[in-house]
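All chains, please: the whole structure from these sequences, using the hints.
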Amino acid sequence: MGEPAIRTKGLTKHFGDVVALDGLTLEVQQGEIFGFLGPNGAGKSTTIRLLLSLIRPTAGEAWLMGIPIADVKQAHPHVTYVPGDVALWPQLTGTETLDLLGNISGNVDAAFREELVERLQLDPSKRVRSYSKGNRQKIALVAAFMTRPDVLLLDEPTAGLDPLMEEIFQSLAREATARGQTVFLSSHILDEVEDLCSKVAILREGHLVEVATLDQLQELDTTIFDIQLESEGVLPSFDDVDGVISADANADGVRVTVKGSPAPLLQVLSTLPVRQLRTHTPSLEEIFLSYY
Amino acid sequence: MSAVLRLYARLTRRGVLLLALGIAAYVLVEAISYVQTYPDEASRLRLAEFGDQPAVRMLQGIPHAVETVGGFVAWDGGWFMQSIIGVWAVLTTSRLLRGEEESGRAELVGAGPVPASQVTNAGLLIVLAGCVATGLAAFAAVVIPSGDAIGAALFGMALIGFGAMMAAATAVASQLVATRRHAAGLGAAFLGVAFVLRMIANSADDRLWVGWLSPFGWMDQLRPFGDNNVGVLAVYVVVSAALVGIAIALQARRDLGAALITREGDVRARPLLLKTPIRFAWRLTWGVLLAWAVGTAFYSFFMGSLMKAMGEVLADDPAYEQYMDLLGLTREDVTIGMVAFMSVIVGLVISLYAAWRIGAVRAEESAERAEHLLTRPLTRERWLGGHLVLALLSVVLLVVVNGLATWIGGAITDAGVSAADAVAAVANGLPVILLFGGLAVAMFGLAPRLTIAVPVGGVVVSYILSFIGPALDFPGWLTGISPFYHLALVPVDDYALTQGLVMMGVAFATTALGVVAFHRRDLVGA
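Chains A and B, in that order, give the protein sequences. Everything in the first sequence is counted per the working numbering, starting at 225 for the first residue and increasing by one. Everything in the second sequence is counted per the working numbering, starting at -6 for the first residue and increasing by one.
There may be inaccurate statements among the hints.
[Stated by the list, open to error] Label-pair ranges, simulated between beta-carbon atoms:
| # | chain 1 | residue 1 | chain 2 | residue 2 | range |
| --- | --- | --- | --- | --- | --- |
| 1 | A | ASP386 | B | MET497 | 55 to 65 angstroms |
| 2 | B | THR269 | A | PHE336 | 20 to 30 angstroms |
| 3 | B | ARG6 | A | PHE336 | 45 to 55 angstroms |
| 4 | A | ALA335 | B | VAL499 | 50 to 60 angstroms |
| 5 | A | PHE336 | B | SER(-5) | 34 to 44 angstroms |
[To be verified] The following residues of chain A were derived to be distant from chain B, with all beta-carbon distances above 12 angstroms:
| # | residue |
| --- | --- |
| 6 | VAL303 |
| 7 | ALA364 |
| 8 | ALA400 |
| 9 | ASP450 |
| 10 | GLY484 |
| 11 | PRO506 |
| 12 | GLU509 |
If you are wondering where the hints come from, they were derived from the structure by calculation, not from laboratory data. Cβ atoms here follow ideal geometry from the backbone N, Cα and C, with glycine treated the same way.
This is the structure in structure tokens:
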């Protein structure tokens, strides 16, 4: 497997008194699609901007493909970046923008660039000024993929794309990792992460709270019970039952989340007039919400 | 509506403050220099002779009431103050009425309960308020030395009227074209045409009627401090109101963000100047550089063509002769003495360009466009270094162009100033230009949001200090803060080599400081 694509050690960033990122230690292996989750302000963009040396760490270290991030000349040939809100030069056309960015990156495969433009249905002959947010994002995506970099750092790259283009983005990301490239995807679109990512990190208020594969997260012996009672039944409080971590009443009945053995809950249920009982493993969204 | 007004007031208040203070300072400098240079009645009356000098008439107008302080200020500086307030009105109006739409920010306002025509009204009201503040500042600055409240009031109102007129014209332009750049360009073109029309009007007595076609000409008709033709004020009001009416009618015919003249559709890609970051920086800047070169060369050419005439009138003036003695000038030196004086002003303008040029680098950063370059294999030092090389070459180009323009202006009026002397005179300002450029780079590294404000403030304050310091007998150390004060009168005297080298050393040090600070800091948005 070799060198990790991304490695950070105690990476920390303060903005004045605000701690945006606190001691992030993380490894992302080559060939992974790595999901980076967290609500707004959790430190996702801060992490990516640190990795790209757009901002300087308060403490800690990081490497891209084994190269210290501060060594821009050596590290940046390995990476590309797509920001969530793409600002470009309004007076250039799409083609001119791609030419410029390609010239500065070097190593552009012209045929692949054409293919990307075609697949993302981008019309590069217009001036950037007349592009919508989604079209500007497509330019940034083409520019990021066209050099076939080792690492793609994507900061909510699909916020302006329609579902069809989202689909195409996902296949581009999968093809890239099939070639051994690494995709670091910061997102709060959980479906996208669930469909795409093999491994996920969850960030909260600058702290890393979980790193796991999606399978591991879903197997974290958490089970969700959706319970409906017959009309004469009165719902008891489940809060003091062993293993129950949450119980929320909803229109049809109650949703109870259990960690560990469900036996104590089943014992309580056996005394109640249960009409329907469904269980499932939690979706990423449910896991995500359980962390906040 | 009031929320929009508050927003626009916030966006413009700093610019208004600078404008009003700048105009007031300019009026004071004019008044002080008048009292110093023309201390007695006889020398003041002689100023009327400039009415026979075509070049002076075309630039400054026919002298009226120049035996009074106020009349002199209006004649000598009126055209320039009108230009400043006009440029401000064009830039601010195009920003509020078109820039906000272009950036998409207007959609946030447009989605609220405020109709589009009211947003336009709010923008124009704010610009008008800025003009009124500036007019009041000019009134306050001129009423004290002149003691003529009516003249001062008319002068202030003429400035307000001129600014309002330019704002109204730019409001129409903002409906016609889709980008702020183009709207400001149309406004500036209108300003230029107005100025040329007034020059034509003042070139001969039988063409004076042409002046009514130009807002610049209206002040000539108003004659504050002299005839005080109050009725002329109605022209400003009627024409501005008509233009605002047209702007609002045009706005009703278009969508938000759209324009009446569009050139959408496919554009052929021009692969020019996209190969390296430095070449790309040239691509972004050459249009603006060209505009600065043409604008300043125009000014230098005119000043060049005025040198001889002004020199001759002044040389006959005994009071002025004393002043020249003080500076170590002889009668033969008077024309090249004028070159030396005027070149300092050109140096000031090029210093502003240098600050603006570094500000353009900051704009690339604050708009987050620089990130596309700096996340690629390009170090911050190389990116900034490329822009610094570009700024240096641009400044040298402007110096040479202005030197040659001065020379050509002098040559066609037989001023007898060589091209080498003219270029040397403008080049004399280079250490000062580099000093303020270096200050801009230091601010870019240390406090990026002040990249333009600090050096521009520095340029204006230092120039005024170098002027009023000696006149008001300030202590030497205070006047000596101004780098302008340390410039020799080239080409009459030799370069002040030591002072020049010190200034360039400081410029180099602050530039290095700025580069190092930029390397260490975070990129920051607007």
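Legend entry - Numbers of the earlier hints that this structure fails to satisfy, in rising order: Numbers 5, 6 and 7 - these are the hints that the structure violates, sorted from lowest upward.
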